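Undergrad: For the record, the sequence lines run as chains A and B. Using my numbering, read the first sequence as starting at 1 and increasing by one per residue. Using my numbering, read the second sequence as starting at 1 and increasing by one per residue.
Hints are computed from structural coordinates only; laboratory data are not their basis. Everything numeric in this text was worked out from a predicted model, so none of it was measured. Incorrect hints may have been included.
Only pairs whose alpha carbons sit at most 30 Å apart, straight line, appear in this in silico DSS-like list of lysine-lysine [stated by the list, open to error]:
1. LYS117/A to LYS403/B
2. LYS21/A to LYS78/A
3. LYS93/A to LYS80/A
4. LYS20/B to LYS265/B
5. LYS265/B to LYS73/B
6. LYS117/A to LYS20/B
7. LYS78/A to LYS30/A
8. LYS149/A to LYS93/A
9. LYS20/B to LYS21/A
Spelled out from the first residue to the last, the chains are:
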Amino acid sequence: MALDDLYREVILDHYSHPRNKGELPDPDIKVEGANPLCGDELSIFVKLDGGRVADVRFVGRGCSISQASASMMTEQIKGKTIDEARALAGRFKAMMQGEAVSEDELGELLALQGVRKFPVRVKCATLSWVALEQGMDEFETARGKVTAKATSERS
Amino acid sequence: MLADRVRADFPILQQRMNGKPLVYLDSAATSQKPKRVIDALVRYYEEYNANVHRGIYRIAEQATEAYEAARRKVAGFINAPRPEELIFTRSTTEAINLVAYAWGRVNVGPGDEILLTEMEHHSNLVPWQLLAAERGATLRFVPFDDQGMLEVAVFDRLLTDRTRLVALTQQSNVLGTINPVRELAAKAHLVGAKVLVDGAQSVPHMPVDVQHLGVDFFAFSAHKMCGPTGAGALWARYDLLDAMPPFHGGGEMIMLVHLDRSTYKDPPHKFEAGTPNIADCIVWGDAVDYLQGIGMHSIREHETQLTHYAMRRLSEIPGLRLFGPESPQRRGGILAFDLDGAHPHDVAQVLDQDGIAVRAGHHCAQPLHRRLDISATTRASLYLYNTEEDVDTLVTGLQAVRKLFAPRTTSVSGS
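Here chain B stands alone, though its shape is the one from the complex:
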């Protein structure tokens, strides 16, 4: 099994929680980091820490080369045609906000529509609410069915010549659903709409090719794919980036500055004002090397098998309702569920005692939970280092939760 080979690469997984091995099932929130990524971060600070793009001494050139090499690696990871199309940001959220601000304010006006889905993370919803309010545009939403699949027939109906942008997630961070991005993007282009994809949950777990998907904007981040926090990226077609005004103004992004006006560099630098997150972007390249060394097809296959196993084991627990598609082929390794009689915060609290880390709450997707008519779910999410034993420990822990919160047969004090 893949996990048996890679677990030793992750120092954090070697430690014990409450005397028990750490069972980390929260990789959809952030993944753990392999030692080579951690080492690369230390190496940067110990050996060649310097600001990029301006220095004419050796370590500054070394830092600049490493930063641009990382850009090439990260761009190559999603098969971007040109590395200059990849802008480093601090997160997926910032990448989406960049598009909403720099592209949206020019290209979206009164009466225009932005087509979203009801399964979006707040990061692919709130920026569009802000833009729509400012520009007098309208947001439309594609619902999902009881299997957690987007209702494509409704998408077809809502997509009109008023639609300026379709923005959707490639993989839901709650339902695990993998959306048919390529099919929807092709339809969107027929009416002249642009397509933005939130790839935060997909890029770490499956091969992603932005050219094959045929999209215009693609946002994702490092920390969910074995890289450090604080680094994200926006990929966009060069012609779109070239036509867009800057996002932030400041150093690094200018050609000539006068007191009353400035000219800007070409993409990507036009969109990277200020000293970037040099160390974390460089180290993101090491995370890409690590994942490519294993192979994204192998990771996807491992997770699909483990998801299948987890779904079968979870179905053994009475009163447990798992959300999302029934077929492991149509979903990623994200398992959000409701357990009858136990609130998600109580579930997570009890599991923590056994060293099991899961997430409880609305997972930054309140409208999705409202649609499911629940306020919160418990979410276990899988990655390359998770094993069937991790799933077994989770199932044993959930049996203990059920026992603890089983209705009391006798009342301690009456009323």
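Okay, chain A solo, but in the shape it has when bound:
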């Protein structure tokens, strides 16, 4: 298990230069995610426009994997519909569970594939994604603005 598989340069880059970091005023979806096992915390803010993700930001503190994954997620889902974003979350989680996925599907997110070899860290990588799913699910049920909570225990 080479450490380079876990700490790919693109991950370290997102960790030290997180994209879309900060709070978003008046979000349609706000989710507070936590990984109770290791104390990773992050909140995701989504602003929708015409059914698409118009803007998304996150704040949080935690390990490089959880923070880089959130940063990469914000870049990938901007402009996507709720269904497209959820489909991407599904493919990302499938990759973390060991399924083969292509670069066409996940792009830069493929860099997180190496986390699979370190089972205790998988929940760090999926935290932002399960939080996003939770928020989007609750948004659809409520048909309006929601503040949701999620933990990495949801799979």
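Model the placement of chain B on the given structure of chain A, informed by the hints.
TA: Relative to the frame of chain A, chain B by itself:
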């Protein structure tokens, strides 16, 4: 150096991790075991495995004698006045729960207070939360200062005639702080409170004398002191144990059983329902023999020197913040720290590649970390088998961590 003499006693330390020697710096979580303890465990199962206290055949008598001999050894290790005052449990946690359940439910009532500290392990906090909720009692907490020392002036203020129990750790499992148990116990007794001490982190590392400390209840376990997992103990003053109702009901703890009522054995058996963890308790006695053969003063001295060395070496690392007392005399060999720019899980992951085992997280002390305003720390903890080379390897590893997580000067992709 002590470690050079004893390292050969620990088979696990001879193996290599990722092609490198194992640098084991997690003894505060569980210690490694010397060969004589491992051998004693095999010997029990191969030569005299039998249930205790009832058999009238030879190996059952042998097992019973070995089990009670271990009780005498473990009791003697903390200078308990009588071996009958030592109850075998499965862990420190169970020992504390025993007191909360059997003593607490009778002696703590509405309006009473239990005085704890903000540096307790969850095992010396959650049982009291459960008791307080059930009995309508209130928990009070002694804070610690920026050096990780208990604020004794606040203790004095919080200790009142409402205080039924003072429960505190002798040595913090995160800060390493050694608390002034004897001084606080004497004060607690002046207001009529009982005193329980969590000795999980102290007993393995320094001479401990429960009579000198002047406490009422003392909980500790085998696996942090070169013994096996699954064995712990509660020591308590005999008069307290005698007055307490049982904890668990079942076999081994009864005198006469009728359909509607039972009478119980005297302590310690009253509190040891069911077949005990015979093998591990017996072997705990071998761990005591091993440590006493080396001498607890020698172990304490070795760890104090090594802690001093480690603190000096760690202070060379920019951005590293070490928690706990500055004086090695006031602390044990537990070094919890924060490294600027690198999360503890990342630190531990990178160190693992060099065969270095440290712990990352909240170490079952979330309120303590909240007080420090951090979610997690990296913790390196020392024991008799650790060397200055182990510390040097850790420092080299931490330099590599810093390099890996140093802020990137150029961004791979912009945003």
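Undergrad: Give a verdict on every hint.
TA: Okay, the hints, checked on the actual structure:
{"no.": "1", "hint": "LYS117/A to LYS403/B", "verdict": "23 Å, holds"}
{"no.": "2", "hint": "LYS21/A to LYS78/A", "verdict": "14 Å, holds"}
{"no.": "3", "hint": "LYS93/A to LYS80/A", "verdict": "18 Å, holds"}
{"no.": "4", "hint": "LYS20/B to LYS265/B", "verdict": "53 Å, violated"}
{"no.": "5", "hint": "LYS265/B to LYS73/B", "verdict": "22 Å, holds"}
{"no.": "6", "hint": "LYS117/A to LYS20/B", "verdict": "20 Å, holds"}
{"no.": "7", "hint": "LYS78/A to LYS30/A", "verdict": "15 Å, holds"}
{"no.": "8", "hint": "LYS149/A to LYS93/A", "verdict": "19 Å, holds"}
{"no.": "9", "hint": "LYS20/B to LYS21/A", "verdict": "39 Å, violated"}
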